[in-house]
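Asker: Each chain, written out:
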Amino acid sequence: MNPVLIGYGETSVGESLDYRYEELNMWATQEALRDVDLEPDDIDGLIATAPFRTERFPLPRLIEYLGIAPLNFAELTGVGGASHVNSINRAANAIENGQAETILIVAADALHSDIGPRTVIEELSDSVSEFEEPANIVPSLYAHVANWHLDTFGTTRKQLAKIAAIAHEHASLQRAERAHRQEAKSADEILDAPMVATPLTADQCALISDGGAAFIVTTEENAAEIDQVPVRLKGFGARHTHDHISQMPSFEETGAVKAGQQAMAEAAVSHADIDVLQIYDCFTITVLRILEDLGFCERGNGGDLVDSGALRLTGKWPLNTHGGALAQAHPGMPCGIFHITEAIRQLQGRAEAAQVEDASTALVHGNGGIFSTQAVAILERGERHAD
Amino acid sequence: MPTNKPIPTPTTEYERQYWQRVANGDVCIAHCQACDHVYHPPRRYCPDCYSDEWEFKSIAGTGTVYGYTSIHRPTQRFASDAPIVSAIITLDEGPRLMGRVACESEAIAAGRRVCLDTPKLSSDNVRLTFKLLPK
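Quick note, the sequences are listed as chains H and F, same order.
1 is the number of the first residue of the first sequence in my numbering; add one for each residue after it.
1001 is the number of the first residue of the second sequence in my numbering; add one for each residue after it.
Hint data in this document are derived by calculation from the structure and do not stem from the laboratory.
None of these values were measured; they are calculated from a predicted model.
Please note: incorrect hints may appear among the correct ones.
[Stated by the list, open to error] Pairs of lysine to any residue, SDA-like flavour, derived with a Cα cap of 25 Å:
#1 F/K1120 <-> H/E130
#2 H/K158 <-> F/D1048
#3 H/K258 <-> F/D1048
Looking at chain H on its own, in the form it has when it is part of the complex:
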C-alpha cells in the first residue's frame, strides 16, 4: 500500500484576497488536482480544517462546495497548528485500512480580510481560559517560555530575533504571490519592532493572513500513474499534553521530544540525514524550543545553533525555506499546511530560488495551542514512475 504524498496546491497569500473560506479551499484544491492531473471524482477522502469562525457543519458544506461527493472518508482536524502533520498520518492510516484511496488534505481561511487582525487577536484571547489572566493575548502565553529560556540558558533576545530574520530571508526567495511579507529584516530591526509581550516583539509573532493550501495522499499504485515525484511518509509521532500554559508539565520540554524520537526511530533516520527542517513557527520561541526538543542541539544551546548559520538556506539544516508563519503566511488553523507543501516542493525539487540542493529527507513539525499539541513527520523523496 505505502501511501505517498503526491501533489500540492497553494492559493496566493496576503491581506485582502477578497475570497471566502470555501472559495480559498476550492482554489487550493483546484491547484492540487491540476498539479497531478486528477479530477474531483478521483478524490474519495477529505481531511479539512474548520474556519476561524466555525459554522455548525463546516465539513458537509465544504464537501458540497468542492464537488467531491460522495466520499468514503471525511473528517475535520482540530489540534491547532499540529493538525496538518497529524493529518498526513490520519490519511496514510485510512488508505492502509482501505477506507479510501486518494485523500485530499486542505486548509484555507480568510483570516485577514474576513475577520481582521484586531478581531482575531481579541477573539483568540477570549478563547484563553478564564483561569488565566484575561488581558493575555496568545503571544504573551508563549512569552513565559521565552523568558524562561533566556534566564535559564543565557539565550539572547538577538538570537531569538535571528529566527525571524531567517524567516524573512527565506520568504524573500518566494514568488511574490506566495509570501505575505518579502522585505528582508535584520535581527536589530526585528528587535526594534513594537514590544508585544517581553521578550517577543511584533516581528517575532506570526502574521495574520488570507490563504491556504492542499495536498493529496494516495496509494503508491495510484501515484505510479502520476507524472510527479512521490513523497513517502517514513515516520510519524505525536504528543498532546495540556491546554493552559500554566499547566504545561514543565518548561523543560514539550511533547515534541517524544513525538520526534518516535518519528525519527520509525523512519530510521538520524539528525544528519535531515536535509530540510520545517518547524512550526507561530513565535520565534516556538522554533528555539522545538529545535532543542527534537535534538538538533543540546538543551539550552538553541541560541548557538541559530548563530551558527545552520538554519539558513545554505546551512546544514535549512529552516522553513518558505518563510513560515513569521513571514510567509499565517491564515490561522491552516498555517501548518504550508510547512508541508514546502517540504513536498523541496523533495520534488520544485522550490526554485529556495531549493535545497539534493533535498531527499525533510522533517515537518506542527505545534498547536500553547505548546499543547505536537506532531512530527519524516518525509522522503521517492522515485518518479510515470514518464
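Based on these hints, arrange chain F on the given structure of chain H.
Answerer: Frame of chain H, contents of chain F only:
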C-alpha cells in the same frame, strides 16, 4: 462568544460557588477528598482519580514565580493597564496558576516570592493580583 466582562459567567452550581468565593476575596484551589490531590484550574472531576468528591480549599496566597512576561499589547479593554506583568506562580500548596503581579516590568523574575493582594479582589474584578515579597 467574547466574554467582555470582568467576571466569567458561571453556568453550573460548581462554577457559581467557585467564582463567588473568589469575588469574596477567598481564592481557592480544588481538593479531591477521594485521593487528596490538589489541583487548579478547579473542575468538578479530579484529573487524577476522576472522583467528583471535590471541595474548595482556600489558598495561603503565597507562592514563587515560575514564568513571567510583561504584556505591552494586551486585549483592548485592558489597554490602559499596559504594561501588565503576568506571572505563572507555583503556589505553596503545589498547583500553578496565572495572575498579575503589581510591580514594574524590570522587577519581576523567576524565583521571586509573591503573595496575593486580596483587597484587589471584588465582585466586579476577579483578576488575581499578586505583589512581590521582599527578596
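Asker: Run every hint past the structure and note whether it holds.
Answerer: Evaluated hints:
no. : hint               : result
1   : F/K1120 <-> H/E130 : holds, 17 Å
2   : H/K158 <-> F/D1048 : violated, 41 Å
3   : H/K258 <-> F/D1048 : holds, 22 Å
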